[in-house]
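Listed in order, the protein sequences are those of chains A and B. Each residue of the first sequence is one higher than the one before, counting from 1 in our numbering. Each residue of the second sequence is one higher than the one before, counting from 1 in our numbering.
Rather than coming from a laboratory, the hints here were simulated on the basis of the structure. Misleading hints may appear alongside valid ones.
Simulated pairs of lysine to any residue, SDA-like, Cα-Cα distance not exceeding 20 Å [as the list claims (entries may be wrong)]:
(1) B:K228 to A:D333
(2) A:K329 to B:R105
(3) B:K228 to A:G328
(4) B:K228 to A:R234
(5) B:K228 to A:P336
(6) A:K329 to B:R19
(7) A:K329 to B:W166
(8) B:K228 to A:E330
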Amino acid sequence: MDADPDGDRAGLERLALWFQHRIAPIVAPGPPDGIVLDTTGADHLHGGEAVMLENMVTRLKESGITARAAIADTWGAAHALARYDRGRITLVPPGEMAAVIADLPIEALRLPVDIIDGLHGLGVSRIGPLASLPRPPLALRFGPDVARRLDQAFGRQAEAIVPVRLQAPVQVSRNFAEPISAAETIARYITKLVPPLCAGLEEREQGVRRLDLLLHRVDSRTEAVRVATAMPVRDVRRLTRLLCDRIETIDPGFGIERMVLTASLAEPILHRQGISALIEEEEADVSNLIDTLANRVGMQALYRFAPVESDVPERAVCRVPALAPEDGKEWPDHWPRPTRLLPHPEPIQTMAVLPDHPPVFFIWRGIRRRIRCADGPERVFGEWWKGDAELTTVRDYFRVEDTSGETFWVYRTGDGEHGETGSQGWFLHGLFE
Amino acid sequence: MPAPEPRPALEALRAQVSRLEGQGRRRRGVLPFGVPEIDGRLPDGGLALGALHEAAGGGHDALNAAASGLFSAGIAARTRGKVLWIATRQDLYAPALQQVGLSARRTIYVAASSDVDVLACFEEALRHQGLGAVVAEVARLSMTASRRLQLAAETSGALGIAIRRWRRQTDAADFGQPTASVTRWRVSVLPSVPLPVPGVGRSRWLLELIRARAGECADFEVEACDAKGRLAPCRLALPAALADRPDQEAAGDRRARA
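Generate the whole structure from the sequences, applying the supplied hints.
Below you can see the structure in the form of structure tokens.
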């Protein structure tokens, strides 16, 4: 995997916003690998400094990030402790900081690499000895940075944290002198609110992914309509249509006095060059249909199936979002596959000669079927990398056709000879035509 | 078949009727099956685009809709553009659809929670310009609903296929009720093509064209969809009794031993 510095920076910024939301108002990302927070006056809200740090580290760990945290009087000291102290969590009581950071290596001081190398050349490797050196020769040789970083770390010089700022979402609102309640009136004002919203988005070159319409009623209650889109959209007609489809879910009560339309999730619109070649055909855009349908049945109810590299039939497909990018993979076409795959294989009663003959007949859902011809067995082995239970398991699939012409996909768990490969029971897994 | 004599009065009347029905303006072309026996029986020589068609399975397949599903997938595979497949019970196996030429990249599935939702999504999708085919699995399809769907399909030119799939065998009698669909098909399985070696041959279907607007009913015996979704006429006109002879059964038992 290649390094992705831009992605890392964007991720840090998002994480910083999350910290700002959860922990303390002054938060800044410290690229490439840190986040700095000013928790003054915020720690007691989270149960004290130790609990707060523990909480932060645990939460990050739950989302897959291994983090180390430190609290100190200054940014410089906290930066050094979080990276170069041994503990996962470090707490420094006020006043003891100078003693704690004196033992840390000079790399912890946020100095450029050439200065660090130069200091190593002088035989200085710890912060304590560096701080006790006379300042003027250091400044003469390395510039003002060393003294500045030392003063920042020991708290003799103030350092401001420039906090990340969340860009306010595009929002338009309208107040009504007389409360409105008729569906047509609401629709009319939706059509008046959407164009200024789209104009605001156009200035930022963004399109909306999620749109919230809040309707404040005269009895101080709020009705909300949320629509989502599969791709960033800035089309007035489409957004109006999506919102108007949901008017029937609004209960206006005694009337609505204020409507607020917010683009709560906006993303940059990526422009794509249209196809100009004569031989290629332009693929029709279905994203507006997807949005309309998702508005009705939910975005998770619209999907495509994509291949997964697995021989176990139920694991060979996975659901991907309807407009997910195509990866060009296909299922191997070795063997016929059933049109309908039962959600759970259903046990059947059979009579079959072991080890590798298809059943002579089977009983499924109370109907006995004689088998006229069969194909198989197609042996599917358990995926040992998924768990020990699948280390030895085997399924033998047969495609069987009964006397009326109906074709089924049945399998036996086990190879018909060895008990450890399965229970040797028969199951019906799918229906061919 | 001898060429029909020209009957100008009848032709004029037909032209007038089709003008009244508004078909002249909205003629969208057809999707031929590529089987002359079937195409010859359908008006304009194929399945009308921009129209609603119905398909259902015969016998047990009325509940499972495996054969009718594959039949519809084969038709959808031969259209251009994305295909939308709407159902309440989603048990289609996408690798099988790929084997009749309907690529997973082209097919978008919609899992609706009720038949009402299925019909609403069906109509919405049929109105959309730019889909190749829209397939929906429904149990009940009333005259009103099917007329709405038919009108929606006429506006866009998409091919609409309603697979009738019931929960109970007794409900399948519903297939006799009139709807506004242009054609109505029943797909029943027949014993597969006998092979000279043990194994299961290419499936065969009995296709019953139960209803065709401006056409006549007919039955066809065809071989099931191939890798590009095409049907084929049954070349081996074997009587069913021959395929089910006892020695054939014995051969069937031997087949898996190979």
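Evaluated hints:
Under the criterion of a C-alpha separation no larger than 20 Å, the hint pairing B:K228 with A:D333 is consistent with the structure, at around 13 Å. Restraint check: the Cα-Cα separation between A:K329 and B:R105 comes to about 9 Å, which is no more than 20 Å; the hinted pair holds. Between the alpha carbons of B:K228 and A:G328 the distance comes to roughly 18 Å, so the proposed pair stays at or under 20 Å and holds. A threshold of 20 Å between alpha carbons decides the hint, and for B:K228 with A:R234 the separation of about 39 Å lies outside it, so the pair is violated.
Of the pairs offered as hints, the one joining B:K228 and A:P336 holds, with about 14 Å between alpha carbons and a cut-off of 20 Å not exceeded. Between A:K329 and B:R19 the alpha-carbon distance is near 48 Å, which puts this suggested pair outside the 20 Å criterion. For the given pair, A:K329 sits about 34 Å from B:W166 by alpha-carbon distance, which is inconsistent with the 20 Å threshold. Between B:K228 and A:E330 the alpha-carbon distance is near 15 Å, which keeps this suggested pair within the 20 Å criterion.
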